[in-house]
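Enquirer: Hints in hand, dock the two standalone chains.
Note that the protein sequences, when read in sequence, are chains A and B.
Counting in my numbering, the first sequence runs from 1 upward without gaps.
Counting in my numbering, the second sequence runs from 1001 upward without gaps.
Hints may contain errors.
Derived DMTMM-like pairs (lysine to aspartate or glutamate); straight-line CA-CA distance at most 25 Å [what the hints assert, rightly or not]:
(1) B:K1085 x A:E132
(2) B:K1309 x B:D1388
(3) B:K1298 x B:D1180
(4) B:K1192 x B:D1205
(5) B:K1142 x B:D1482
(6) B:K1085 x A:E87
(7) B:K1309 x B:D1370
(8) A:K149 x B:D1370
(9) B:K1298 x B:E1354
Here are a few chain A residues that sit away from chain B, every Cβ distance over 10 Å (derived from the structure) [claimed, not checked]:
(10) E38
(11) V39
(12) K40
(13) A92
(14) R140
(15) V141
(16) R146
(17) G148
(18) K149
(19) V150
(20) L151
(21) P153
Quick look at which bits of chain B chain A covers, simulated, 3 or more residues with Cβ under 8 Å [stated by the list, open to error]:
(22) 1157-1163
(23) 1241-1254
If you're looking for bench data, these hints aren't it; they were derived computationally from the structure.
Quick reminder that beta carbons are idealized off the backbone N, C-alpha and C, glycines included.
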Amino acid sequence: MSLTRRKFLLLLAAVGLSTTYSFASDPTLAVIVHPDVEVKQLSDVELESIFLTERRYWSGTRPIIPFNLAPRSEERALFDRVVLRMEPEAIARYWLDRRVRSGNPPPRQAPDPMTVGRLVAKLPGAIGYIPESFVTHEVRVLARIRNGKVLAP
Amino acid sequence: MSNVAIAAWAILLSASAEASAFEPGVQGVSGNEGASAPAPSPTPRSDQSGTNTQGPDNTPPSAPAPTEAAKVAPPTPSQSDEIAKLREEMAQLRSEFETTRASTDTPETYQRTIEFYGFMDMGFQKAWLPAQSALLGTGTSKASTFVLGNVNLYVDANPTQNWRVLTELRLTNYPNGSLDQVGLPTFGQSEKRTTTTVYDVNSPDPGLNSVNWGSIVMQQAWIQGTFTDWLGVRVGYWLTPFGIWNIDHGTPTLIGLTPPQFTGGRFYPRNQLGIQAIGHFTSRAWTFNYTAYLSNGKTPGQLDPTDDKAFGFRLSAQTMRPIPMQFGLAGYTGRYSQTVANQAGALLSVAETEVVAYRQWDIGADISLDLGALRLRTELAIERLDYDQGKYEYSLGAPGLYSPNHLSWGWYSIAAYRLPWIGLEPYLTCEIYRFPSILSENIAVPGAGLNIHVNTEVQIKTQYTRTYFFDFNGEHDHSSQDASMLASRLVVAY
Chain A
1 MSLTRRKFLL LLAAVGLSTT YSFASDPTLA VIVHPDVEVK QLSDVELESI
51 FLTERRYWSG TRPIIPFNLA PRSEERALFD RVVLRMEPEA IARYWLDRRV
101 RSGNPPPRQA PDPMTVGRLV AKLPGAIGYI PESFVTHEVR VLARIRNGKV
151 LAP
Chain B
1001 MSNVAIAAWA ILLSASAEAS AFEPGVQGVS GNEGASAPAP SPTPRSDQSG
1051 TNTQGPDNTP PSAPAPTEAA KVAPPTPSQS DEIAKLREEM AQLRSEFETT
1101 RASTDTPETY QRTIEFYGFM DMGFQKAWLP AQSALLGTGT SKASTFVLGN
1151 VNLYVDANPT QNWRVLTELR LTNYPNGSLD QVGLPTFGQS EKRTTTTVYD
1201 VNSPDPGLNS VNWGSIVMQQ AWIQGTFTDW LGVRVGYWLT PFGIWNIDHG
1251 TPTLIGLTPP QFTGGRFYPR NQLGIQAIGH FTSRAWTFNY TAYLSNGKTP
1301 GQLDPTDDKA FGFRLSAQTM RPIPMQFGLA GYTGRYSQTV ANQAGALLSV
1351 AETEVVAYRQ WDIGADISLD LGALRLRTEL AIERLDYDQG KYEYSLGAPG
1401 LYSPNHLSWG WYSIAAYRLP WIGLEPYLTC EIYRFPSILS ENIAVPGAGL
1451 NIHVNTEVQI KTQYTRTYFF DFNGEHDHSS QDASMLASRL VVAY
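In isolation and in its complexed conformation, chain B is listed as follows (with noise of 0.2 Å):
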């Protein structure tokens, strides 16, 4: 066995640029490749069981023109008869290597593979904003500036066939920089900003360089275990499974780049804490998957501060025939309770008091659809709001202006069309947003963009929206909220 197993792993590793970058190999061997044209199969011949395996007539590759720079002289027929028999041994020697470990492993456990992939975006964008735009109190630059996107990593791990762990994380230079306050002359605050600069005291240089700290966000990281294809558990951190935008989240599956506003955590939390029963049952073509989780819902901070758990599903029907297309439908259901601990009398004795608390419903519904190089995408989310008496929280966090109870809708849709040529995929979106605020009652956000698929794994993706600030009603103008932005990615999967 030893001296098998050495010869395969050297064939194995020779021959792991042939694996897929997202598909696992038998060794658990990944190599950069998904789109190339097919080459021929090994020629079968009989194995040791004396089975005739005779197989079909398959020509050998025709060899690549050699170029002035690595001319090489062309194999006698006796080398070319040696490399084939070569080839032959080593094709046996991999599967014998393979038959082997698989007959020492169980169906559970041959599935163990723990894998590492994520994906990576930065770029380029400028935002037009006027000159006292609303949104110069989020930190965001007028300037055309370089931009860190996306820096994200999973750890996929199956150690069973039946439990998987996962783990995806964001690496970020946040907070650094980060605008915390807006400066309130009229009441004396100058504006607040984080700074995570530091002197990097392990430098050989005495204390005069610096860096700046970053941080990671956790996206996802929980446990799941299927018992079968109608019932599985997830627990942990996971994204709310709501609508389309939540869940593929990622800028290599995203279609456009500039999130809806209902999604970010301002409807529904971006991620949840909880444990989540998942499945799936299959009628003809169709599958129907349900999620149903129980969870902390929105919190102030890790823990939950009260004891009703907030609620959600998502139902979703999908099929490939006869084309691609998937309906879903999605609810939450939680309470926000943010308290407040201040020293009650006696030294070490505190007191909790609530502060901000209210009720939020949310339902939604998502369709996405693939004719061919069309691709449609168009998502739907409506939120009721309700506020405990007295409990209420600033509206986007001006103090003094309080949120009243509210219901709010967000809506929008995206067409791309896939271009024959060098991967060009334009598109159009529209979103409209209500949201009840001191900025207006209305969001429109109209856009256009392009994406150029370079291949499956690299992305050049740019977009411009306008995004109008409107009452439907028209009685007041907020026009001068008004913004444009342009922003371009590039996007590598790996």
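Bound-form chain A, shown alone (with noise of 0.2 Å):
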């Protein structure tokens, strides 16, 4: 890196700024849900609301249960990227404010894909999201997130 790149770069680091990630390389991920789910399809919006837990029912008095991936891994700072639009370091800090607020508790973590998707196929209300691959008939998709989006199914 030259020199003059590098300024450039501590530059905008200093303002605040920095260069867009590329989600090019990412896998595409889906976003299921219990087949009992009446919800035809989720914006971006709908899920940001669903996993920071403000919305907690589907209608009526029916739980909403979101499951995150562990923060480790590469699907889990994807989602965070792209539905809540936050870095793992911001999503840790948002988190733990909203503990110390006694706000409304995260979602709760399944260690893998896997896991994830046999939960939400489990559980009516579930919702989840699995590298699009692990995608069984027992669920259904609800979005998909591919290059930095979120899709219809």
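Expert: Following this line, the structure appears as structure tokens:
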């Protein structure tokens, strides 16, 4: 890296900007729900509200059970970056602040996509996200996350 | 099931370090992580049902370079294959365990959790006070001193999806050494301090060891039932939902160290005992929250001595798009009454007399904005307080000087900017507080500080503030009370 480019990046960092993250090499994620969930599609804003546990019911009194992947996983970082628009450190900070304020607790964590797929298939009202290739016929896809965007299923 | 369960438990415990400290795992075990670099997922494989679950091309994680102290021979290809196979089996068992557990729970009971977490801060501070500062009457020290800040512990339980029970306790050394009354030589009264020093008679040393007992400050203790997104009920002892500071309230979350003058119970009560209705509605990217409550309001003791309850509300609109921001409005009104009980004639007949009584109205507004690395917080609170005729209270606790009816207000702003280097976040703050008293009509508190975010859980916070006492019309000079404070805290959330 030339000295000039390094200075430029430092300057960008100093003013709080950063170079744009490239999503080109990231896997496609599928947002999956239990087949009993009546909703047919979810927007990025709705997903954000569910995975920040602000929205906790599908409709009426039917609870939403969201599952996150572990913070170290690539898929979790990608999901947080696209849907919640936060980097891993920012999201960890977000939940810490939420705890001190006694806000709603975060979604439960599942250790791997396979477990998320199985839990979502088992629990009515459950929702999670997994790499597209993990999707089985036991769950329904409500959205896809590809190239840094939330797309219709 | 039992073999699977035992094996899975062993795996779950070994994997617990991967979970975030602030997010519950499916098994309720958490470790310490949150901001580390992402790691690849386990390689997918065909599950027992025969469904094809072939996953993406996950490249194996690159092995760290061995240190001089721990050079281990690299595994042979056959060993590597075996390790990979064992990992796959572990993932499979873990997955089966969770699935089995989920199948025995309802959606409501699956959410059952109990968590313990909290924060702690302690540090060092130095106050520069004038020789005859009124602040010395609070027991503040002019010397540089180490301080035990906050030791707060939360117990947070979700018996089911719809119910939550939360307790927040602050452990303190209070009231040992607290200054109850400054000396009044004119009236022949000496200084009064509380001591909690007692002989530790449980010690094998016969009575010569002493200990200072402390106390627990209840911050919150409530039960909450949530029935839909737009309606929930919270019953118990809760932080008054007023503005930003009173809810953020913990050093890991607050930007600054010095609380605004209008918090801490000087305007609205810091905590209240009562019932809240809470909920929210969403529209596009915005969430509109409401809280409305009935409570005992400010009370001199545990119970409300009057029948008219306090009432308050908070409304807020918040969004994460295009930037995180929140706008809030809050109100509170309540009647304070303090009675004394005296014997009335016959033995065991007691009569109450109201000696202090007033009604107060508080209104507040707040704005919170996160512009990238820049965090802005501002808050305004206004209070009207009217005493009942002849039922005034002492001004700042000084005997013989009574507080008049008054209109007070307080405002503060704080701007913090997170630099990209070693977690540095300098900030500027300014506060103006109008509270007519024998000290002055107004107080201004400009300040500057630096937060060092060592990591998500650990911060070093330092703040310098200068407090000016003044009147807007400049009739009187109150500068003899001006003071400064340098405070620093090491803050850890856990």
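Enquirer: None of the hints should be skipped; say for each whether it holds.
Expert: A quick look at each hint next to the structure:
{"no.": "1", "hint": "B:K1085 x A:E132", "in the structure": "23 Å, holds"}
{"no.": "2", "hint": "B:K1309 x B:D1388", "in the structure": "17 Å, holds"}
{"no.": "3", "hint": "B:K1298 x B:D1180", "in the structure": "21 Å, holds"}
{"no.": "4", "hint": "B:K1192 x B:D1205", "in the structure": "30 Å, violated"}
{"no.": "5", "hint": "B:K1142 x B:D1482", "in the structure": "13 Å, holds"}
{"no.": "6", "hint": "B:K1085 x A:E87", "in the structure": "32 Å, violated"}
{"no.": "7", "hint": "B:K1309 x B:D1370", "in the structure": "37 Å, violated"}
{"no.": "8", "hint": "A:K149 x B:D1370", "in the structure": "23 Å, holds"}
{"no.": "9", "hint": "B:K1298 x B:E1354", "in the structure": "15 Å, holds"}
{"no.": "10", "hint": "E38", "in the structure": "15 Å, holds"}
{"no.": "11", "hint": "V39", "in the structure": "14 Å, holds"}
{"no.": "12", "hint": "K40", "in the structure": "18 Å, holds"}
{"no.": "13", "hint": "A92", "in the structure": "3 Å, violated"}
{"no.": "14", "hint": "R140", "in the structure": "15 Å, holds"}
{"no.": "15", "hint": "V141", "in the structure": "15 Å, holds"}
{"no.": "16", "hint": "R146", "in the structure": "13 Å, holds"}
{"no.": "17", "hint": "G148", "in the structure": "15 Å, holds"}
{"no.": "18", "hint": "K149", "in the structure": "14 Å, holds"}
{"no.": "19", "hint": "V150", "in the structure": "13 Å, holds"}
{"no.": "20", "hint": "L151", "in the structure": "18 Å, holds"}
{"no.": "21", "hint": "P153", "in the structure": "19 Å, holds"}
{"no.": "22", "hint": "1157-1163", "in the structure": "holds (count 3)"}
{"no.": "23", "hint": "1241-1254", "in the structure": "holds (count 6)"}
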